[in-house]
Amino acid sequence: MLVDNKQHTVLHVPADHEGQAVETFIRDVEAAIARGAMDIALDCSSLALVASANVNVLWQVYVRCSAVGAKVSLRKPPRGLVRVLQVLDLADLFGCEAVDMLHTAKIRVAASATTSAREGYSDEFLTDVDSVNEAIERFLAYLRDLAVPEKTSFELRTIFYEVATNIRVHGIAGDKDVIVFCARPQDSRITMTFADSGVPFDITRQGTDFDPQKAAKSHQKRGFGITLTKRLADNISYSRKNGAINVLTIEAGTGI
Amino acid sequence: MENRISQQPLNDFTLVITPGKTLDNTNAHEMVQIILEAQTKEYSHIIVDMAHLEFLSSAGVGSILGTIDSFRDIGGDIVVCNVSSHILHVFEVLDLTGYLTIAATETEAAEQCQTKG
Chain B
345 MLVDNKQHTV LHVPADHEGQ AVETFIRDVE AAIARGAMDI ALDCSSLALV
395 ASANVNVLWQ VYVRCSAVGA KVSLRKPPRG LVRVLQVLDL ADLFGCEAVD
445 MLHTAKIRVA ASATTSAREG YSDEFLTDVD SVNEAIERFL AYLRDLAVPE
495 KTSFELRTIF YEVATNIRVH GIAGDKDVIV FCARPQDSRI TMTFADSGVP
545 FDITRQGTDF DPQKAAKSHQ KRGFGITLTK RLADNISYSR KNGAINVLTI
595 EAGTGI
Chain G
9 MENRISQQPL NDFTLVITPG KTLDNTNAHE MVQIILEAQT KEYSHIIVDM
59 AHLEFLSSAG VGSILGTIDS FRDIGGDIVV CNVSSHILHV FEVLDLTGYL
109 TIAATETEAA EQCQTKG
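Line by line, the protein sequences give chains B and G.
With the numbering used here applied, the first sequence covers 345 to 600.
With the numbering used here applied, the second sequence covers 9 to 125.
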């Protein structure tokens, strides 16, 4: 608990979305309500990545607060959380601060993309087709700022598309989860990182063996995306963070 | 340009299919459907004119590769033409340049279909 002056309470939302940390957090909320807190702010600064379970935790807080007429709001919510809450029509329940934060974050991302392309680029987007396509357009604009040659830009676009589509189609139950993306250029290389909270999927364990004749004979129409991605990339690594987040890191040349 | 897949018969045995700007996960199934329907209409050859195509995903590749043998089995083929250097690069990365029939222009593709027909 950060601040508690009886009426106004600030509670820190744990990064973990299950287990002891959540139980303690919910108990703190209940204790604050029992003390008569009517204005509870939830500090979300630890939620670097957002899972549906995080939203469930926030919902539990909202239910408890609304039962006694207490107001609940979010502080420092990450963009991914705000967008998920907006998609679920829950953003208003947690105060307009969330929407303001989204606006601020968009300006920050836009500024970083236009003023210092060399320092890197980051983005967060939902997994539906339109959001992925919009994210690709933003990434292509960033690559133009970086002066990446057209052919390399096409290769990086292909990698981005195949990875994001793989996450959307195979990794996540629906279109409403979030992919966090960042790109860091260094010398003539670029490192792209994709993080999502879908089911574990390690593409580094998938082979790149591909026989066109065999694929054609068996009328295979899908399943070439991983081969294409691995052949276009120089290095790929995968890890599963905190048992909940897939982190896929892909390194490729920029042609600069 | 609108991202629509259009089709136009060239002759009794050849159908020209022209994808829009992208051929990917969102419309690869439509491409497959058009190709397979063409076969039921007794077209033995398909020309896929990629003049407008700016992006081809693995699913787009699959829509051609997964249907091509249905035509080759009956002495026909799927011929791709007007392939940009970027799209050709995708074929190269997947080792498909030796497997697919690739023509420079639609006229050349039509000639290939005549030869094989």
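Hint data in this document are derived by calculation from the structure and do not stem from the laboratory.
The C-beta atom is built at its ideal place from N, Cα and C for all residues, glycine as well.
Check each hint, because a few of them may be wrong.
[Unchecked claim] With a Cα cut of at most 25 angstroms, we get these calculated DSS-like pairs of lysine-lysine:
{"no.": "1", "chain 1": "B", "residue 1": "Lys495", "chain 2": "G", "residue 2": "Lys29"}
{"no.": "2", "chain 1": "G", "residue 1": "Lys49", "chain 2": "B", "residue 2": "Lys565"}
{"no.": "3", "chain 1": "B", "residue 1": "Lys565", "chain 2": "G", "residue 2": "Lys29"}
[Unchecked claim] Computed, partial: chain B to chain G, Cβ under 10 angstroms:
{"no.": "4", "residue": "Arg501"}
{"no.": "5", "residue": "Val513"}
{"no.": "6", "residue": "Asp546"}
{"no.": "7", "residue": "Thr548"}
{"no.": "8", "residue": "Gln557"}
Hint-by-hint comparison with the structure:
1. Only pairs whose Cα atoms come within 25 angstroms are accepted, and Lys495(B) paired with Lys29(G) is accepted, the gap being roughly 17 angstroms.
2. Pair hint Lys49(G) plus Lys565(B) holds up; C-alpha atoms about 21 angstroms apart against a cutoff of 25 angstroms.
3. For a cut-off of 25 angstroms, the pair hint linking Lys565(B) to Lys29(G) stands: about 20 angstroms separates their Cα positions.
4. Proximity of Arg501(B) to chain G holds as hinted, the smallest CB-CB distance being about 7 angstroms (cut-off 10 angstroms).
5. Given the 10 angstroms rule on beta carbons, the hint for Val513(B) holds: about 7 angstroms separates it from the nearest Cβ of chain G.
6. For Asp546(B), the interface hint is violated, the least distance from its beta-carbon to any beta-carbon of chain G being 18 angstroms, above 10 angstroms.
7. The interface hint given for Thr548(B) is broken, as the beta carbon of that residue sits about 17 angstroms from the closest beta carbon of chain G, more than 10 angstroms.
8. The beta carbon of Gln557(B) comes within 6 angstroms of a beta carbon in chain G, closer than 10 angstroms, and the hint placing it at the interface holds.
In summary, the structure is inconsistent with hints 6, 7 from the numbered list given earlier, while agreeing with the others.
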